[in-house]
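Given only the sequences and the hints, what does the whole structure look like? Please build it.
Read off the chains here:
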Amino acid sequence: MSMNRLVGETYSKRLFVFWIPLFLFVFVLLFPFFWMLITSIKTDAELYNRRISPFLVRDPTLDHWKLLFNDTLFVQWAWNTLWVACASTGISLFAGVLGGYALSRLVFPGSTIFSIWIFITYLVPPALLFIPLTGVMSFLGLHDSRLSLVFSYPTFLVPFCIWLLIGYFQTIPKELEECARIDGATRIQAMVKIVFPLAIPGILSAGIFAFTLSWNEFLYALVFLSSPENKTVPVGVTGELVLGDVFFWGPLMAGALFGSVPIAIIYSFFVEHYVSGMTGAVKG
Amino acid sequence: MAEILLKDLYKTYGETPAVRGIDLTIAENEFVVLVGPSGCGKTTTLRMIAGLEHITAGDIFIGDRLINDVPPRDRNIAMVFQNYALYPHMTVYENMSFGLRLRKVQKGEIDIRVKEAAEILNIEELLERRPKQLSGGQRQRVAMGRAIVRNPQAFLFDEPLSNLDAKLRVQMRTEIKRIHQRVKTTVVYVTHDQVEAMSLADRIVVMNNGIIEQVGPPQEMYDNPKTRFVAGFIGSPAMNFVPCKLTTNGDGLSIKLTDGVDLKVPGEREKRYRPHVDRDLILGIRPEHLTECRQHTNEQQQDFGCDVSVLEPMGIDTMVFMEIANVEVCARAAPDAVKNPGETMTFTIDMQKMHLIDPSTDTVL
Ligand SMILES: Nc1ncnc2c1ncn2[C@@H]1O[C@H](COP(=O)(O)OP(=O)(O)OP(=O)(O)O)[C@@H](O)[C@H]1O
Ligand SMILES: [Mg+2]
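One line per chain: the protein sequences are F and S, in this order.
Going by my numbering, the final residue of the first sequence carries number 293, and the count climbs one at a time with no gaps.
Going by my numbering, the final residue of the second sequence carries number 352, and the count climbs one at a time with no gaps.
FYI, nobody ran anything at the bench for these hints, they're computed from the structure.
Being a predicted model, the structure only gives us computed values, none of them experimental.
Keep in mind that a hint or two might mislead.
Straight-line distance between alpha carbons at most 30 Å, and here's what the computed DSSO-like set of lysine-lysine pairs gives [said to hold, decoys possible]:
no.: 1; chain 1: S; residue 1: Lys119; chain 2: F; residue 2: Lys183
no.: 2; chain 1: F; residue 1: Lys183; chain 2: S; residue 2: Lys94
no.: 3; chain 1: S; residue 1: Lys232; chain 2: S; residue 2: Lys213
no.: 4; chain 1: S; residue 1: Lys154; chain 2: F; residue 2: Lys183
no.: 5; chain 1: S; residue 1: Lys102; chain 2: F; residue 2: Lys183
no.: 6; chain 1: S; residue 1: Lys213; chain 2: S; residue 2: Lys251
Below, the structure written as C-alpha cells:
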C-alpha cells in the first residue's frame, strides 16, 4: 500500500477514505486480542463485577496464567499442537509441491480429470469423513495417538496445497524451465534449481495456510484423542477448562491468547512473501 | 559448428498439423532465417530442433548424429527465447554460468568464459545485477551471452528482437550480425519480419502453412521469387499484383492490363512466356520498379498515365497509390516528381524486373 497522497486528494478526503477506515479495520482486528489479554489478567471478582467498566483492569493478576501452566497440561498440549502441525504441514507441502508441479506442467492422460477429483476430495466435509477415518485409525492402532492427526490432516491439507500450488506454478513461465533444460539441466534439476526457488512465495503461503489449519483443527483432534496428555490446544483448553457449564474464563483466554500468538508471529514474519504468494506472478 | 539436417519433418498437435514435411540442410556456420506469417510453424520447427517438442515424423541430425530422441540438454545447442527467459532469481553472472556449472566446468574456466562473452556483448558492468534491474536491450544481450558462453554447436533464436522498440531492434540486429561474424556458429533464427530476415540471413527459408515455400540467399529471394507467396512476402512495401492477359503483338509478346494499358514483354523473356499466350495471368511488380517517368535509361521501360489517389511521403521517396485495372497499386516516386491526389501522373514500369504469375498454381513463370 502506498502512503503517497494521490494527485488532487485533499487531507480531509484522505482522512475519510483512508485513515478512518484503516483505524476501524485495525480496531476490529485487534480487539479480540485485547479482550483475551485483559480477561486473562483480571481477578475473578473483577471479571464478574458488572458495575465496573469491562475495558479496564484495576488489579492485574497472573493467577490464571499460573493455573494454566502449572495445574493443567497446557505446555504438553502446546507441544502436541506444534508437533502435529509441523509434521502434517511437512507431509502436505511435500505432496502438494510435487502434485502441483506435475498437474501444472506434465500432460498425462487424465491429468485434467485428476485435478478436478483432487478438488472434489477437498470438498468432502470432515464431519462426514471422521466416521470412516475413526475406523481406519483404530485398525492402524493409532487411536488416541498424535500420529492419527498427522495422518488425517493431510486429507484436507494435501488437496488444498496442490490447488494453491497448481495456480502458482502456472504463473512461472514455462520458457524458464525449457531454457534450463537446453542449458543442460535434467527435468528434475530444472524443477529444483529454477521452478522451486521461484515458487517459494507460493510454497510459503501454502505452508502457512496448512500450518494454521492444522493448528486450529478441532473436529479430528476431538474425536481421535482421548487422554489429556495427547490433546492439542483447541481440544485441551475447551475440554479441560470448561467443566459442564462452568467456564474458567481467565485460563481459557490465557490459553487462547497463547495459542494464537505463534500464528500471528508467523504471519507478520512472512507477510511480504505471503502477500506476493497470494497474488502470484513472477516478473521476468 | 555443425551441420543441421531436417528430413521430412512433421508435427501435428492432436488433429491440427503445424509442420507438414520440411526438408532443409543448414550448413556449418551458416546463418539461416526462418520467416513466414504468424502460425506457419516457425516456432514449432525451432522447438523440434531444440528438443522441446516431440517429432511426429521425420528425422533431425546435428552433425552426423540422429537426435530425434536425444533430450535437449544433450543436443549441445543454445536457444534465445522471445521473452529472454532469464532466471529472475540469479544475477547476470549466475545466469550466464548456469549451463557451465551444471556441466561441472571448473570455476576458473567459467570465469574466463563469462568475462569473455560479457566483453563481446558489452555487459561487463551488469554482471552482478538481476534481470529485473536491466532494460529490454540489456536483457537481450544477457540472453545472448548465456548462449555464447556455452560455446554450443548451434544457436537457435525465436523472434529475439520482437520485444524491443523499433530503434533498438535495428541496433541489436546489427549487433547480432557482428556477433555472428565474431563467434562463428550455425544459427537458426526465427522471425516474422522480412526486413530482419533479409538483413541477417545467409539464407532465408520462407515458410507458409507448415511447409517451405522457398529457400535461398536474400538477394535471390528478392530477385527471383518462385511463388506468389514469396513474391508478396519478401520486399517492403509488398509487390503489386495486377490481373493481366498475355497476348501476341506482331513478332513479340505483350501484356494487356484489363483497363487497356499495353506493356511489351522484353525480348529475352519471350521464349519463357510463349507457352502461356492468351492466358489470364497476374503481373507482379514491386513499387520500386514502378516510378515517375524520367529519361529512359533502357528501352525496356514503358510509360503509362494514371490518376494519383493517395500519397505517403517517406522522406527519401514518396509512396504513390493509384488504381490500375481496379486494383490498388503502390509506386515509389521521387518526392519532387509527385503530383497531387486526383491529378494524372505518368509512370514508368521496368519490364526487366516484372514477374508473371500463374493464378491457377500461384507459381512464378
Ligand atoms: N502447443 C500447441 N498445441 C496446439 N497447437 C499448437 C501448439 N503450438 C502451436 N500450435 C499450432 O501450430 C501452428 C504453428 O505454430 P507456431 O507456433 O510454430 O507458429 P509460428 O510460425 O511460430 O507463429 P508466430 O509467428 O505467431 O510465432 C499454429 O497453427 C498453432 O496454432
Ligand atoms: Mg512463433
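Do the alpha carbons of S:Lys154 and F:Lys183 lie within 30 Å of each other, as the hint requires? Holds: S:Lys154 and F:Lys183 sit about 29 Å apart, inside 30 Å.
Straight-line alpha-carbon gap F:Lys183 to S:Lys94, limit 30 Å: 29 Å, holds
Does S:Lys251 sit within 30 Å of S:Lys213, going by the straight-line distance between their CA atoms? Holds, at roughly 22 Å.
Taken at face value, is the distance from the CA of S:Lys213 to the CA of S:Lys232 at most 30 Å? Satisfied, since the Cα-Cα distance of roughly 20 Å is no more than 30 Å.
Please verify whether S:Lys119 and F:Lys183 have alpha carbons no more than 30 Å apart. 18 Å, holds
Taking only the CA atoms, is the gap from S:Lys102 to F:Lys183 under or equal to 30 Å? 28 Å, holds
Of the hints listed earlier, there is not a single one the structure fails to meet.
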